[in-house]
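Peer 1: Spelled out from the first residue to the last, the chains are:
Number of protein chains: 8
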Amino acid sequence: MATYMWTVYLAGEIHSDWRERIIEGSEDLPVEFYTPVTDHEASDMCGVEILGEEQSAFWRDRKGAGINSIRINTLIDNADIVVIRFGPKYKQWNAAFVAGYTAALGKPYITLHDEEHDHALKEVDASARATARTPEQVVDILKYVMLK
Amino acid sequence: MATYMWTVYLAGEIHSDWRERIIEGSEDLPVEFYTPVTDHEASDMCGVEILGEEQSAFWRDRKGAGINSIRINTLIDNADIVVIRFGPKYKQWNAAFVAGYTAALGKPYITLHDEEHDHALKEVDASARATARTPEQVVDILKYVMLK
Amino acid sequence: MATYMWTVYLAGEIHSDWRERIIEGSEDLPVEFYTPVTDHEASDMCGVEILGEEQSAFWRDRKGAGINSIRINTLIDNADIVVIRFGPKYKQWNAAFVAGYTAALGKPYITLHDEEHDHALKEVDASARATARTPEQVVDILKYVMLK
Amino acid sequence: MATYMWTVYLAGEIHSDWRERIIEGSEDLPVEFYTPVTDHEASDMCGVEILGEEQSAFWRDRKGAGINSIRINTLIDNADIVVIRFGPKYKQWNAAFVAGYTAALGKPYITLHDEEHDHALKEVDASARATARTPEQVVDILKYVMLK
Amino acid sequence: MATYMWTVYLAGEIHSDWRERIIEGSEDLPVEFYTPVTDHEASDMCGVEILGEEQSAFWRDRKGAGINSIRINTLIDNADIVVIRFGPKYKQWNAAFVAGYTAALGKPYITLHDEEHDHALKEVDASARATARTPEQVVDILKYVMLK
Amino acid sequence: MATYMWTVYLAGEIHSDWRERIIEGSEDLPVEFYTPVTDHEASDMCGVEILGEEQSAFWRDRKGAGINSIRINTLIDNADIVVIRFGPKYKQWNAAFVAGYTAALGKPYITLHDEEHDHALKEVDASARATARTPEQVVDILKYVMLK
Amino acid sequence: MATYMWTVYLAGEIHSDWRERIIEGSEDLPVEFYTPVTDHEASDMCGVEILGEEQSAFWRDRKGAGINSIRINTLIDNADIVVIRFGPKYKQWNAAFVAGYTAALGKPYITLHDEEHDHALKEVDASARATARTPEQVVDILKYVMLK
Amino acid sequence: MATYMWTVYLAGEIHSDWRERIIEGSEDLPVEFYTPVTDHEASDMCGVEILGEEQSAFWRDRKGAGINSIRINTLIDNADIVVIRFGPKYKQWNAAFVAGYTAALGKPYITLHDEEHDHALKEVDASARATARTPEQVVDILKYVMLK
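Protein chains in written order, with numbering that gives the first Met the number 0: chain P, 0 to 147; chain D, 0 to 147; chain R, 0 to 147; chain A, 0 to 147; chain S, 0 to 147; chain G, 0 to 147; chain V, 0 to 147; chain U, 0 to 147.
Everything labelled a hint here was simulated from the structure, so no lab data went into it.
Predicted model, so just to flag it, every value in this text is computed and none were measured.
Ideal Cβ positions, reconstructed from N, Cα and C, are used throughout, including at glycine.
Please note that a few of the clues may not be correct.
Said to hold, decoys possible - Sample of chain D residues lacking proximity to chain G, with all beta carbon distances greater than 10 angstroms (derived):
{"#": "1", "residue": "Glu12"}
{"#": "2", "residue": "Trp58"}
{"#": "3", "residue": "Gly105"}
{"#": "4", "residue": "Ala119"}
{"#": "5", "residue": "Ala127"}
What the hints assert, rightly or not - Straight-line distance between alpha carbons at most 20 angstroms, and here's what the computed SDA-like set of lysine to any residue pairs gives:
{"#": "6", "chain 1": "U", "residue 1": "Lys147", "chain 2": "P", "residue 2": "His39"}
{"#": "7", "chain 1": "S", "residue 1": "Lys147", "chain 2": "R", "residue 2": "His118"}
{"#": "8", "chain 1": "S", "residue 1": "Lys147", "chain 2": "R", "residue 2": "Thr34"}
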């Protein structure tokens, strides 16, 4: 049997080390990981820094979101699996947006969040292939899927 | 010129009268409106009420979300335009999920929310065709699009 | 709010009255039901009856299956919801084939079967929006989805 | 003329050595084979082993089927050809589900089963490009398709 | 059960009365038939008659084929079933072109031709759902598919 | 034979009476015509009039273009045929954008322009089904396609 | 600028040396060529040789066409460009079938045939990107497209 | 984290050195650039040079545009990002055509043009992910998207 080289995109929360824990835990797996830009400041300011200042906050955000979407859309379209992390804080609407986008493509995704958000995320989880509570569980899923 | 009969799906927040205000304001337009089930209690409990009780809250939500998704997916797939309302409270991840799903279909959607959420919704707004602040602005957009 | 006219395709087992029970239970709903040819003898023999006898059973089946697929594919492609019944007897591989075909289209389906088949149908149920045990539960789901 | 590197996914029955016979017979062909997890126990238990125990057998199966679907869907989507084996025992609804899913994608598949199942598999065979009786016939088809 | 209104496109040979025989035989069926322009002279000359003369026969044909393709593509895209007739004379490459186009859409088609063309049409027939020898057999297939 | 009800979208130049001439010439045809908003001032200002003033001309245009795209995309997606007029003046990049968008959908379109623009429009014309010089020629094409 | 590695599928007539002339003429190009099985006898008999004899010629052809379609569909789906040759003899309906299939995928193809077939191939040529008269012209097109 | 190898297609104006400036500025990026044929004379004459002279300028252009479209369509379909430059002169309808084609594919594109064309390009810019004024800004966007 051949070894498939998997591509996984890690979307969502950028304030904890969940990405590192998944990547480190997967170092023996045939997998390439991709992420959005996780430098919060850079992500927010890329539009105006590159294309010039805006007076209105709305259009400043628009410029940045447009540029970030080039990376996000390409890497999701190119991924076999998307892992989407919802952290304990903030609205994180972009993470739920990624889930809906991925679901419409018929591409499998795994959610990663605490039990306290189960009810609020029920539509997002219902389209997921699995809901994990820890990065280590995500690693175990990847190990099973890729190696067994 | 012929009159196109438009189909609009009204997604998101269910605690204020924004849907009624849009529907009433559009009564002279060639449009049919559709919505998710907006009875919160019924929406949460439909799974276990129809298919039997669950001990775990997670699977109770799953059962309900599965049934609701039949309606939601069909009506979005059938809509020309989706309007997505984000209210002042709650996580509303299902609304952002609808936005991502609609964006991936290449179908136009309009967001409706206050300025305070602009930054958190920047990815969702960047894929929207318009961001309105009031239901009346949504009505004005529909009037322009359908009647002009 | 407008009333959506739903289209439901009833696939699977043809030896009990489950279709009649769903159709009768739904008579107040805005729904049109479609089915495969449920006359077993006619379904098996249509190929050779119309296009001429075959010496081999394999090609006799092929002729019939080809003609039946015209109806089945068209009506599934045209449906909003597919209900798939697995009865207590026979292999019923055509029902599972319909489930896989419907899943790949991203179209919602509901499975209807007894608990004893849960394990054997786990992949089929995992892609379903709901698993019902009785035709009356299917009717309740349709009522909720179409009327609430 | 260039040599195309083919990708073949081997779906279905896991109780006999048909996969090994195809893989060994194809060792001189430009082909990479992929399979589902064929360790029955691991496949059944992966959900609860990784994500935690469930009281109900239905949800235990759901958890496992969700995780297995990540592998199955990705490898089918990535395959040029799917070979689907129906053995002499069990319902094997997942194999028929794979056939329907593959058919809807317009991707070629080959069925592999004994004559006794011809009638029950007539819809599945009618969408297949070929129906083989032995793994050696499948190898001969692959040789013809890839080398001639 | 509801009555589905079927749409059938009748493609191919224009020198015999096969279309009339199918349409007349189907007068009690819930079906709408569409055809290409079957006036040979008009079909050949439409390009230059409407858009102006051409010196080269190649471009005269191109102009006509472009206009005819507007009708053909739209009506095939809109059809549930395509019936494709190959007559005893001429190359009829446009009929085989329609078959390939329809096959790629995953849309069911029926071929109608004499046994003498079986070998030359083997690829076209292999993707068909049925191969009929007479218009009356096509009518019988439509009756079975639409009425049973 | 049934009568197909055609849908035609009239895109492009808004400074001459070409739309009226096509619609009037087609009054006996089974066709419904749709157009973009052809009131130039309204089209330019709809964004800021409905959603509030902008200081920058760039974002003023963006707001209007977003709203107009709701109408344009929906009506093109819903059309059987698109007619695209390039007039003697202005850049008319939106007309060429519509042509590219329509081409990518595999939907037939007809261009309408003078000979002087042939070279500049060669890529746009190469994907068109016909290039007409006068609205009357477009009417003749529609008559041929719809009535013959 | 990077060098794109092109994939070209050479479909159609198998009685002359046109494939060799194109492949030899392109030896300095960044291109991989693929073809159907061009051994006429092997192509006709593959079905019954591998899967067992048939009494009826119709089903013998079906078996072979099914197996050949695995190769043909995969290689067309994988190609950037399809070249389709119509020779002076035979019906060659499979070549026109390939053209229709390729057109429906929106994939570019080049036809290669003598002027005497222009009228019979007008629909096939109208969807082609170019019509060549000699293999050397095809090589020149590939050189221009790949190297310029 | 893995390094994604990006593919960028540079479309539009061929009279200034903007492509060179982007390619040189990106030499440390993981990116492969592709372009249309930028030799104006060759691009205009390829049709008649390879396939033979035409008396009418319209068909001479058609022949060339058909051949060029093989390259353009393939490279856009294969690109992750399209950059589209509108220069100060000429109609450049082919550039706007590429934008519409790319937008319909849901593929991200960046426009590059001076402020004076903002109003005429408002529909094209509204579907773009970013509008740059200089090649260096495009490089900065690529650096951010690919390296951050």
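Peer 1: Indicate, hint by hint, whether the structure satisfies it.
Peer 2: Going through the hints against the structure:
The Cβ of D/Glu12 sits about 20 angstroms from the closest Cβ of chain G, beyond the 10 angstroms cut-off, so the non-interface label holds. Every CB of chain G is more than 10 angstroms from the CB of D/Trp58 (nearest about 39 angstroms), matching its label as outside the interface. With a least CB separation of 8 angstroms from chain G, D/Gly105 falls inside the 10 angstroms interface cut-off, contrary to its annotation. Residue placement check: D/Ala119 keeps its beta carbon more than 10 angstroms from all beta carbons of chain G (closest about 19 angstroms).
With a least beta-carbon separation of about 8 angstroms from chain G, D/Ala127 fails to lie farther than 10 angstroms from that chain, contradicting its non-interface assignment. A C-alpha spacing of about 11 angstroms is found between U/Lys147 and P/His39, which places the hinted pair at or below 20 angstroms, so the restraint holds. Taken as a hint, the S/Lys147 and R/His118 pair is broken in the structure, with Cα atoms around 35 angstroms apart against an allowance of 20 angstroms. Restraint check for S/Lys147 and R/Thr34: the C-alpha separation of about 10 angstroms stays at or below 20 angstroms, so the hint holds.
Hint violations for this structure: numbers 3, 5 and 7, all remaining hints satisfied.
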